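Enquirer: Please work from the sequences and hints to get the whole structure.
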Amino acid sequence: MQVDVFRKRRNNALIFFGVLALLTAGAIVVTQYDVEKGFTSLGKAFVWGAANLYPDVKSLAKLPDILAKLRDTVLISVAATSAAAVFSLALALAGSRATRIHRSFTLVARGIASFFRNMPLVAWAMVLMLAFSQSSLTGFLALFMGSFGFLTRAFMETIDEVGDSSVEALKATGAAYLHTIFQAVLPSSLPQIVSWLLFMIETNIRDATLVGFLTGTGIGFSFDVYYKAFNYHAASLVVVVTVLTVLIMETVSNTVRRMIL
Amino acid sequence: MMEIDESIEVWGKMGKRDGGNNLRPLIAKPLDRATLAIRLTLFVLAGMTTYTFLTLGSNGVNVAQATAETLSNFATMFLHPYSHHLTVWDAFYEVLITLGLAYLTTVLGGVLALFLGLMAAQNLAPKWLTNIIKSFVAVIRAVPTILWVLIFAVAAGLGSTAAVIGLTFHSVGYLTKAYSESFEDLDRSVIEALRATGANWWQVVFQAVIPSSATYLLSWTFLRFEINFGNAVAMGAAAGAAGIGFDLFMAGGYYFDLHEVGLITYLVLAFAIVMETAATYMKRRLQSGE
Amino acid sequence: MTLLELKNVTKHYSPAVAPALADISFSVNEGEFISVIGPSGSGKTTLLRTINRMVELSGGEITFAGVSISRLRKSELRKLRSKIGMIFQHYNLVDRMSVIENVLHGRLGHKSTLAGILGSYTLAEKEQALRIIQMLGLDEYINKRCDQLSGGQKQRVGIARALVQNPKLILCDEPIASLDPSSAKIIMDYLKNISRDLGITLLVSLHQVDIALKYSDRVIGVNRGTIVFDGKPDELTRERVSEIYGFDAGDLMINLGESEGYAS
Chain X
8 MQVDVFRKRR NNALIFFGVL ALLTAGAIVV TQYDVEKGFT SLGKAFVWGA ANLYPDVKSL
68 AKLPDILAKL RDTVLISVAA TSAAAVFSLA LALAGSRATR IHRSFTLVAR GIASFFRNMP
128 LVAWAMVLML AFSQSSLTGF LALFMGSFGF LTRAFMETID EVGDSSVEAL KATGAAYLHT
188 IFQAVLPSSL PQIVSWLLFM IETNIRDATL VGFLTGTGIG FSFDVYYKAF NYHAASLVVV
248 VTVLTVLIME TVSNTVRRMI L
Chain S
2 MMEIDESIEV WGKMGKRDGG NNLRPLIAKP LDRATLAIRL TLFVLAGMTT YTFLTLGSNG
62 VNVAQATAET LSNFATMFLH PYSHHLTVWD AFYEVLITLG LAYLTTVLGG VLALFLGLMA
122 AQNLAPKWLT NIIKSFVAVI RAVPTILWVL IFAVAAGLGS TAAVIGLTFH SVGYLTKAYS
182 ESFEDLDRSV IEALRATGAN WWQVVFQAVI PSSATYLLSW TFLRFEINFG NAVAMGAAAG
242 AAGIGFDLFM AGGYYFDLHE VGLITYLVLA FAIVMETAAT YMKRRLQSGE
Chain E
-6 MTLLELKNVT KHYSPAVAPA LADISFSVNE GEFISVIGPS GSGKTTLLRT INRMVELSGG
54 EITFAGVSIS RLRKSELRKL RSKIGMIFQH YNLVDRMSVI ENVLHGRLGH KSTLAGILGS
114 YTLAEKEQAL RIIQMLGLDE YINKRCDQLS GGQKQRVGIA RALVQNPKLI LCDEPIASLD
174 PSSAKIIMDY LKNISRDLGI TLLVSLHQVD IALKYSDRVI GVNRGTIVFD GKPDELTRER
234 VSEIYGFDAG DLMINLGESE GYAS
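Chains as they are written, first to last, in the numbering used here: chain X, 8 to 268; chain S, 2 to 291; chain E, -6 to 257.
Check each hint, because a few of them may be wrong.
Stated by the list, open to error - Ranges between beta-carbon positions, derived for each pair:
no.	chain 1	residue 1	chain 2	residue 2	range
1	S	Asp91	X	Thr262	47 to 53 angstroms
2	S	Val45	E	Ala117	34 to 40 angstroms
3	X	Asn18	S	Tyr282	21 to 27 angstroms
4	S	Ala271	X	Asn261	34 to 40 angstroms
5	S	Tyr267	X	Arg110	24 to 30 angstroms
6	S	Ala280	X	Val259	25 to 31 angstroms
7	X	Thr262	S	Arg189	22 to 28 angstroms
8	S	Tyr267	X	Phe13	43 to 49 angstroms
9	E	Gly224	X	Arg265	56 to 62 angstroms
10	X	Glu43	S	Asn201	33 to 39 angstroms
11	X	Arg265	S	Ala280	27 to 33 angstroms
12	X	Thr262	S	His85	49 to 55 angstroms
13	X	Leu251	S	Ala47	24 to 30 angstroms
14	X	Phe13	S	Arg189	26 to 32 angstroms
By construction, these hints were calculated from the structure, which means they are not laboratory data. All values derive from a computational prediction rather than experimental measurement. All C-beta atoms, glycine included, are put in the ideal place defined by N, C-alpha and C.
Expert: Listed below in structure tokens is the structure:
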């Protein structure tokens, strides 16, 4: 009996790792990933990086320019997140168990959230580019769409977790629908909602680089320009500045989180 | 209202405590730290958002016209998906390549992150080591994926090899954090008990730490797989990696073929939603403790 | 004087399962302290919630203070609910808000939408809330957040929230089921005081027979959605208890004689 259990567990583990290995091999074939080149170029990249990828004195002249772009990127990320949060909150309230107006709203809200969340950022950026061209609005709208989907889902889960007990109590005192939202649901879920907001801003600053790359705006565009001009010192300055921004943002949001949760 | 008030007055006189006018100062509501922090955060964000809306130029774009145009573009894209350059099977195969990229980077990242995560967990490693690893992966995470890919592309050339390494880097940063936190959730006493029997570090790790956090590790890894799928699409578009992202970029940015963008988008959406559903299912099973 | 009357009340949650309430009829006089006892799942909770229409009836009629409640429109329903307080097993407070804010929530039924959203209350309302808080011995905690309180203190906040409504009736849904014995006694004593001194009618669902006997003027026993006992505590014999609870009554009966510990 006992032996069987151990054997079964060992067999399960073997099957698990076997499938894992098989899928890995399949993935290597399909993607035409060159394992050897991967390893050698990893070393090469470090050698090259150490030799070229650092900001030199000359590149510091570009700093004001880079900082201006960075400012745009940060502002767009914050604005896209905040604007999306307003719409997300409304949709999440309509779809959450405790606050929904009708049962069917939950499914609809989930569907909308899933659509916006899973739609590739690239597709938003490409389509928005066609009409809005290389303006900051393109970046803003692309980030807005993705954030809207993600935040709706996150807010719905948050509101569901808070539960409906205090809503029930307020309803029983004769409170109106909006009273239950402003006096029970929001006070209970606001800390978590703010925490999600900060998380989304962090993510958006990183994603803004990608969107900027595709739409020619912000810090992503700066990197692209220097990179394509082989000005690696300036490009690395962009990386350093971005890393510092994200790390500062992370520290700030961790501090805020500690205070509110 | 008066009836109850009067009765309460009576009750008060029945020996408990005298309700006087000295109560009024108590009504002043002190703000606690949490409420203050929340309000301040929201205020700052609202301020920044307003400032952004007021200052960020639209670069000469007519917003109303562009919005209308975009809506009609969405209509074309979603209502008439059609392919000119790709057959549906080609597109399907391209998605498979993207999935392969996502899978490969998740597995590679997961294996590396497992070791780094053990070294970053405070209950398993000395403090100086956890601090080094944690700061190291924090920096890795802070670099956007696209920058990693392009940095490696200088050495490996644009293509899947650079994409795999770049995506793996970011996955390592993300998963190390997630894994180490899962390890830290493990009860200290379990480790202590095993240590007391004379088990060495590796035995503790493989007999207690990994088995008891396995479900969390799997769920985090799957979540990362989902993220990597999205990233792989993006890298195809922005860094010339193979896969459906590249086709999306060509259709949208080169041929301006909205019908094809629509088809590709639907395909990617379908895969992503299947994965999301699977992840939700896994999470639910995890929460119900199976 | 009859305050509340239930006539042939039924409730089906789903046509596939047996009804949660089947043909319930009883009436409640003003000022009565009534305990509703019965095994879990017998319909006690549903019964209380039909009275303020937190659960909609499937059939029958309920009259409260001369008004039939089943066909009230939205605003009339709010008015009805504002006259009926409710106390919950899990207190159902907004944990992150202070005691005084939670107590003032009891006034929301009387407020306009905007005033309620902003949480602005009149001085008279605040003073009344303070008097009630003081009466319940919570004055030290007025500005404390409710997640910092013990279970017994939270339930007292729940009682205060109900009292600030100036209710004619308070429905108590298992008010002491989550409390330790000494907190439970404090809460039951407060409920008794409320009934005796403020003349508020109480309908309390309980699962401890001994406590029901000790505190109430009248006991209603429910089993599988029907009333199997309705009478004074001293009429509740061993046989009737086993009728309410089924076969496990033997254990419960031991408590019948030992309930002195809960005297008020």
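Enquirer: State the violated hints by number, sorted upward, taking the hints as numbered earlier in the document.
Expert: none
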